[in-house]
Amino acid sequence: MAGHSTYVPAFGFTRWLDKRLPILRLTHDTMTTYPTPRNLNIWYTFGGILTFCLGVQIVTGVVLAMHYVPNADLAFNSVENIMRDVNYGWLIRYMHANGASMFFLAVYIHMFRGLYYGSYKEPREVLWILGVLIYLLMMATAFFGYVLPWGQMSFWGATVITSLFSALDQLIPHLGSAITSWLWGGFAVGDATLNRFFSLHYLLPFAIAGVVGLHIWALHVPGNNNPLGIDVKGPQDTVPFHPYYTVKDAFYLSLFVILFAGFVFFAPNFFGNPDNYTPANPLVTPTDIVPEWYLLPFYAMLRSVPQKLIGVLVLVGALVTLFFVPWLDTSKVRSCRFRPLMKQLFWVLALDCVMLGYVGSQGADAALNLGGMQLPLVWLARLGTAYYYGFFWVLLPLIGRIEKTKALPESIAKSVLGATGERT
Amino acid sequence: MRHAFPLLALALGLSICGLAFAEDTSAPLPVKHVQWSFEGPFGTYDRGALQRGFQVYKEVCSACHSLNLVAFHALAAPGGPGFTEAQAKAIAAGYKIPAEPNDKGEIFDANGNRLTRPGILADHFPPPFPNEEAARAANGGALPPDLSLIVKAREGGPDYVYSILTGFSHKPPTGFKVQDGKYYNPYFAGRNISMPPPLAAGSVSFADGTRSSVAQEAHDVVTYLSWASEPTLEERHRTGFEVMAFLVLLAGLLFLAYRKVWKDEH
Chain A
18 MAGHSTYVPA
28 FGFTRWLDKR
38 LPILRLTHDT
48 MTTYPTPRNL
58 NIWYTFGGIL
68 TFCLGVQIVT
78 GVVLAMHYVP
88 NADLAFNSVE
98 NIMRDVNYGW
108 LIRYMHANGA
118 SMFFLAVYIH
128 MFRGLYYGSY
138 KEPREVLWIL
148 GVLIYLLMMA
158 TAFFGYVLPW
168 GQMSFWGATV
178 ITSLFSALDQ
188 LIPHLGSAIT
198 SWLWGGFAVG
208 DATLNRFFSL
218 HYLLPFAIAG
228 VVGLHIWALH
238 VPGNNNPLGI
248 DVKGPQDTVP
258 FHPYYTVKDA
268 FYLSLFVILF
278 AGFVFFAPNF
288 FGNPDNYTPA
298 NPLVTPTDIV
308 PEWYLLPFYA
318 MLRSVPQKLI
328 GVLVLVGALV
338 TLFFVPWLDT
348 SKVRSCRFRP
358 LMKQLFWVLA
368 LDCVMLGYVG
378 SQGADAALNL
388 GGMQLPLVWL
398 ARLGTAYYYG
408 FFWVLLPLIG
418 RIEKTKALPE
428 SIAKSVLGAT
438 GERT
Chain B
123 MRHAFPLLAL
133 ALGLSICGLA
143 FAEDTSAPLP
153 VKHVQWSFEG
163 PFGTYDRGAL
173 QRGFQVYKEV
183 CSACHSLNLV
193 AFHALAAPGG
203 PGFTEAQAKA
213 IAAGYKIPAE
223 PNDKGEIFDA
233 NGNRLTRPGI
243 LADHFPPPFP
253 NEEAARAANG
263 GALPPDLSLI
273 VKAREGGPDY
283 VYSILTGFSH
293 KPPTGFKVQD
303 GKYYNPYFAG
313 RNISMPPPLA
323 AGSVSFADGT
333 RSSVAQEAHD
343 VVTYLSWASE
353 PTLEERHRTG
363 FEVMAFLVLL
373 AGLLFLAYRK
383 VWKDEH
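Each protein sequence line maps, in turn, to chains A and B. Residues in the first sequence are numbered consecutively from 18, following our numbering. Residues in the second sequence are numbered consecutively from 123, following our numbering.
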């Protein structure tokens, strides 16, 4: 972190080590004395929760990889062997499968929290960009992981997603198909595809862990944003990370783990698709190919465009847009608490994403019955996609200029501790 | 100040409209809801139903359907049908398993028949057909699916499988065309199913004297197949209860620690 270290090695050995590898100093500065705004609320505990999720996925994943066989003929049964014959294999696999959903649940809360309180704004642009990078890596990792059990949805999901690249054929003939067969390692999703996806699924989490390190580094330089969105003005505005936020994070993490355990033990297939308990069969296409819930909004955007290449560009653009958010928002005020218009538009965006997710979960030709009139869901998807893009590229730059923001409080300390800003 | 959020209300209104959907008359009927002993956070498999269900599988379903993932030792494992190890051994020995090469390296006898040996606990239930083509040839071109995961592999789970098994009594509505060699079952997608009605009253005579109505047979075999799909359910529920008790206690203690640490800071 920025600022000076207050670490004083207490023993001979730690004094010796501190001159050679100041790792204890680093730990002390980043996890103990790190000055943290005293007004962080529950939504700020999700950073710690996400670190926990990554740890759970890596630990359970390493154990699963000891028993899993990445071979098109054996993969499905090797997963069932884990479920039936490996000691606590069912527990490890259900933790890993539900852990992915919990990870995305937490990351979406974390991202929307960042949007709400303006945590992407100067001087935290790099912090936000690294976060978007982690999110993209998470999606790639989750996609590769979903292919590994080699059920029907694994196989057909892999086919649909990798075939998106073939849209490039419309740009340069054969380019897309060439890329697709290169990704597959053949002329269809098969054994070669499964093997490379397994390899990448094992690799990417460590890349995520690396970027998480950078993300935390980039957090500790400017320090945390906070629900008021105003800068820390002095030591009276902060508390040391330990014990204040270690205990707060631990408490909310324990609540999160209760939710997690609820799914693992009592509804382990809640997020899953029944079709994935049928072994992959290249000759039988499932009636509806649906991705996992956390990709559904983007799936709805993809399907909202009848032209394949443009659909793919809309999907990719929706993700790339996130990188530009720090510069699209023109408001000087960070937190939505003081931005009445942005606050409404934010909640519409949140609902918009839920609606897109719902549309993505329905069949391609599903329709709404509005008092006898049929409204194809694809029109809702188009409306939702338009709002998503409109929010980031039109509203965000615009409202920063026209919005009348509320008066900002003088300091964090005064806002939390009352007029004096002193501890009582 | 809490405004009435006009944009919020509009979005909410749109999402509520999503609940009213057009009726599709050609779609399968909604599944029948059955009370299963293994439902809910404390659910366990009914041992009697599991043993009777095993009998239904063995005497009826296994003529066409494999159960490839289930090993005989599982029949005596905790949380399963509760057979003793001796009973499981006897059940295994009742099946003929293709034998490993003998000491002359042969797997066929002098007449060209495949050598077999009695099953042991480590074996899995042998499939009724040697390969997919043989299964299709014997079933009018249709492939009877493996039943090891059937309950988890179908939307609706045990209710769906139960509905299919008991759904043959419906008469097709006038004008509905039942295809040649198929049967009417309103719970099946398309309502034309290749499986002939598998269960009839008295198809099996239960060892424990339970009356074998179609509903009883279906209930028991679905319980058995649910166990085959999820043999660790009882262990999962039990462990889950212990884990939850621990976590709630932990969360309580962490809450008290949190309150104490922050007492003077906000």
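Hints were generated in silico from the structure; no laboratory data involved. These numbers come from a predicted model, not from an experiment. One should not assume that every hint holds.
[As the list claims (entries may be wrong)] In the DSS-like style, the derived pairs of lysine-lysine whose C-alpha atoms are separated by at most 25 Å in a straight line are:
| id | chain 1 | residue 1 | chain 2 | residue 2 |
| --- | --- | --- | --- | --- |
| 1 | A | K421 | A | K325 |
| 2 | A | K360 | A | K421 |
| 3 | B | K293 | B | K304 |
| 4 | B | K293 | A | K431 |
| 5 | A | K325 | A | K250 |
| 6 | A | K423 | A | K360 |
| 7 | B | K382 | B | K274 |
| 8 | B | K274 | A | K431 |
| 9 | A | K250 | B | K385 |
So, going through the hints one by one against the coordinates:
1. In summary, the hint linking K421(A) to K325(A) is not supported, as the alpha carbons are separated by about 42 Å, beyond the 25 Å threshold.
2. Restraint check: the Cα-Cα separation between K360(A) and K421(A) comes to about 12 Å, which is no more than 25 Å; the hinted pair holds.
3. With a CA separation close to 14 Å, the supplied pair K293(B) and K304(B) stays within the 25 Å bound.
4. Using a Cα cut-off of 25 Å, the hinted pair K293(B) and K431(A) is violated, with the two alpha carbons roughly 76 Å apart.
5. Distance check on the hinted pair: K325(A) and K250(A) sit about 52 Å apart at the alpha-carbon level, beyond 25 Å; violated.
6. Only pairs whose Cα atoms come within 25 Å are accepted, and K423(A) paired with K360(A) is accepted, the gap being roughly 12 Å.
7. Distance hint between K382(B) and K274(B) is unfulfilled; the C-alpha atoms sit about 47 Å from each other, more than 25 Å.
8. With a C-alpha separation of about 57 Å, the suggested pairing of K274(B) with K431(A) is violated against the 25 Å cut-off.
9. Between K250(A) and K385(B) the alpha-carbon distance is near 23 Å, which keeps this suggested pair within the 25 Å criterion.
Hints 1, 4, 5, 7, 8 from the earlier list are contradicted by this structure; the remaining hints agree with it.
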